[in-house]
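Participant: Next come the chains, spelled out residue by residue.
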Amino acid sequence: MSHKIVSKKQLSENVFTAEVEAPLIARAGKPGQFVILSINNEYSERIPLTIADADAQKGTIRLIWQRVGKTTAELSDMQIGDEIANISGPLGKPTHIENLGTVVCVGGGIGNAPLLPITKALKQAGNKVTSILGARTKELLILEDEFAQISDELIVTTDDGSYGRKALVTEPLQEVCQRDVKPNQAFAIGPAIMMKFCSEVTKKFNVPIQVSLNTIMVDGTGMCGGCRVEIDGKANFVCVDGPEFDGHKVNFDLMIKRLDAYKKQEQNAYMQYKKHKCKIGLDN
Amino acid sequence: MTEEQRQELLQQLLEKQKTGKLKPSERYEIAPQEMPEQDALARRSNVNEVTLGYSEEQARLEAMRCLQCKNAPCIKGCPVQIRIRDFVAAIAEGEYSKALAIIKENSLLPAVCGRVCPQEVQCQQTCTVGLKFKDPTKAVSIGRLERFVADLDQDNDSIPAVAAETGMKVAVVGSGPGGIVAASDTRRAGHDVTIFEAFHKPGGVMVYGIPEFRLPKAIVQKEIDVLRKMGIKIVPNFIVGRTRTIEQLMKEDGFDAIYIGVGAGLPRFMGIEGESLIGVYSANEYLTRANLMKAYDFGKGADTPIAVSKKVAVVGGGNVAMDSARTAVRLGAEKVYLLYRRTEKEMPARIEEVHHAKEEGIEFHILQSPKRIIGNEESHVIAVECLKFKLGEPDESGRKRPIPIDGSEFTIDVDTVIIAIGNAANPLIRQTTPGLEFNKWGNIVVDENCKTSIEGVYAGGDIVLGAATVILAMGQGRIAAAAINEYLEKKKISGH
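Chains as they are written, first to last, in my numbering: chain A, 504 to 787; chain B, 142 to 637.
Simulated from the structure, these hints should not be mistaken for lab results.
Some hints here could point you the wrong way.
[Claimed, not checked] Which chain B residues stay away from chain A? Per the calculated CB distances, all over 10 angstroms, these: (1) Gln146; (2) Gln152; (3) Leu208; (4) Ala230; (5) Glu500; (6) Lys592; (7) Gly597.
[As the list claims (entries may be wrong)] Calculated pairs, DMTMM-like style, for lysine to aspartate or glutamate (alpha carbon to alpha carbon, straight line, at most 20 angstroms): (8) A:Lys511 <-> A:Glu649; (9) B:Lys499 <-> B:Glu190; (10) A:Lys533 <-> A:Asp744; (11) A:Lys641 <-> A:Glu516; (12) B:Lys441 <-> A:Glu769; (13) A:Lys760 <-> B:Glu519; (14) A:Lys737 <-> B:Glu414; (15) B:Lys512 <-> B:Asp556; (16) B:Lys279 <-> B:Glu414; (17) A:Lys767 <-> B:Asp556; (18) A:Lys767 <-> B:Glu519; (19) A:Lys533 <-> B:Glu388; (20) A:Lys777 <-> A:Glu649; (21) A:Lys767 <-> B:Glu518; (22) B:Lys358 <-> A:Glu545; (23) A:Lys596 <-> B:Glu388; (24) B:Lys239 <-> B:Asp227.
Since this is a predicted model, take the numbers as computed values, not measurements.
Note that the Cβ used here is the ideal one computed from N, Cα and C, for glycine as well.
All chains, please: the whole structure from these sequences, using the hints.
Facilitator: Below you can see the structure in the form of structure tokens.
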């Protein structure tokens, strides 16, 4: 069964979102889980993407991705009505949701997408939610309105000060941790480097933090081990042991390097794809 | 020997056999037939199948080597008890369809098993001819003969007969060798069968693990096509436990019985320093990238990258280690070292794979194993530090225990390390199936009929046995299918 794209939108220069038909996943998916997709059957690569939202009634899931390489570029070039050959999921353990009291949710870049359903569920469970959303610049900020609706407090930062507060997310996170009523739990999803620094900040204040890791994967069911990360010095598989881990135990430095394992090859493939696209453009 | 000489010899032998004058000593004198194969140097740079299969004369001569022992010890050596003596006799007579029919009474995938079964520790280990020469590789080449008749493809269009629809639904989880057999056998009984596969392509270890050069994918595809023609539904990208749980399949989706054949699927690492460095792979990942995802065509159509390696160390001594090493050669590595902490005698790999690996230039470093993996500032592998070992007393597995030699550390420069030391049990079904009983290693507990602790749920293959083989998984698929058919028959009669 292939998966038809029923709606698609460009959120910023390189960030796209689409609603895709995947009735079984829409029904089974829970906050914190992800899918693995490949565009065609024979030669396409399998990439993990978080489920940003699901509509069990409509049988669709919402995906949000950033155009960084060939596969995500190809996905970005697909149109409404096009079909993605393979989507499997939902994968990974769902986020453990309960009423913890006060929580702080930190999202960076497209990390806001997977953070949204988690934040929504935390709010519904009765938590007092502070959300901190960061982006490099105003145009790259996504899902602000959605977070505003479900947060008791929303703090927005941009690196360049073009919108909200000119700061990195770690600054307001530190302030929130210093408050009289300290958050009982922090959640952070975003670039690995952001999650690393969020983990460092919360550690200083003894605030536990859950981070959601997005590593390179092949099968997503524990079979290949390509997604392994060091947790407390021990190899864990993001696909079956995660994707969420105690941020204070993650070896982020190694993880960040592993994310770049195929950087050169990926850049070449992306360049080739862009060149090919340009040629097609000229022919038209 | 030329083909004409073979033909002549064959005619003489057949004449004698007809008149009952062919003596066992004359059969012993027939030279074991070598399988033609691709030149070792040429095949280093292609992924095509290495062995090319017997000619008709070779097959018949090889079959003439069989003594037709009354007690047929070969059959006892076969995990699924194929009537080996009889199919070999049929080949000697040139009755190939008959030979294939005999094999298919017990085995559904002869083209696969003829290629990947470890015959030297099964049927060929107990073969009288092999025992006479004190060498299982000089036994009758049962595997090659099985492959020969399977490849002739004489039953190409025959689809196994399916009984009248029973209206009962069977789910098969996993499309590896066990799942294929379980699906086929339950479908033949007239049940409505659906196979659920986690990957985007069916075939399990036969498509993601075993490389093209050892088992061409077209062979597996043919078997999958047969299943479809029998009316079996195959649903890819479906992760039982996550997409739907076992309980949901039974209670909400109306399945009357389930066979779980998900494989082992959780690669073991050594637990040494440096195992998460860039350039360290599990064999599962390396082989999946290369085989299923076709990383050898990266930049020429395929989108999945794999390390571009110059010097590779493979750790382990099984078939998967050989497959990994030989894949690395084909992906362009200049040097491939195979590190194994025991000696060649203890290697679990098939003799043929060891032989082929050596021919292809893989350097065997026996009695050596990594102590740690060393990386550079970029966290890329640059070397492995190894320890030397000696052999001590036999351990629980019956193999001599390797003992590290203190102070024997030395390093080998490599840019890629592939860990091929086996698999642990995949936790997905365990995490999501309350009530299903597992042992302390995480394998599903079953009775002699492959029945689990949940009624209507059966399991087999690696997820039950730990590390098994294609043929053992097939054998369990068959046992489970028979038990499922019986269970559903009773269920139908009792009207539940």
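Participant: Is A:Lys596 close enough to B:Glu388, meaning Cα to Cα at most 20 angstroms?
Facilitator: Cα-Cα ~18 angstroms, so holds.
Participant: Quick one, are A:Lys767 and B:Glu518 close enough, alpha carbons at most 20 angstroms?
Facilitator: holds (17 angstroms)
Participant: Hey, does B:Leu208 actually stay past 10 angstroms from chain A on C-beta?
Facilitator: Its Cβ never comes within 10 angstroms of chain A, the nearest being 44 angstroms, so this holds.
Participant: Keeping to a limit of 20 angstroms between CA atoms, is the pair of B:Lys358 and A:Glu545 held or broken?
Facilitator: holds (13 angstroms)
Participant: Can the restraint linking A:Lys777 and A:Glu649 be considered satisfied, given a maximum Cα separation of 20 angstroms?
Facilitator: violated (33 angstroms)
Participant: Just double-check B:Lys592 for me: nearest Cβ-Cβ distance to chain A has to come out over 10 angstroms.
Facilitator: At roughly 25 angstroms from the nearest Cβ of chain A, B:Lys592 sits farther out than 10 angstroms, so the non-interface label holds.
Participant: Just double-check B:Gln152 for me: nearest Cβ-Cβ distance to chain A has to come out over 10 angstroms.
Facilitator: Correct as stated: the minimum Cβ-Cβ distance to chain A is 48 angstroms, above 10 angstroms.
Participant: Regarding the pair B:Lys512 and B:Asp556, is the alpha-carbon distance no greater than 20 angstroms?
Facilitator: holds (16 angstroms)
Participant: Does B:Lys441 pair with A:Glu769 here, judged by a C-alpha cut-off of 20 angstroms?
Facilitator: Holds, at about 13 angstroms.
Participant: Given the hinted pair B:Lys499 and B:Glu190, is their Cα-Cα distance within 20 angstroms?
Facilitator: Cα-Cα ~16 angstroms, so holds.
Participant: Since B:Ala230 was said not to touch the interface, does its Cβ keep a gap of more than 10 angstroms from each Cβ of chain A?
Facilitator: holds (42 angstroms)
Participant: For A:Lys760 and B:Glu519, compute the direct alpha-carbon distance and say whether it is at most 20 angstroms.
Facilitator: Within the cut-off at roughly 7 angstroms; holds.
Going down the numbered hints, you'll see the structure goes against 16 and 20, while the others check out.
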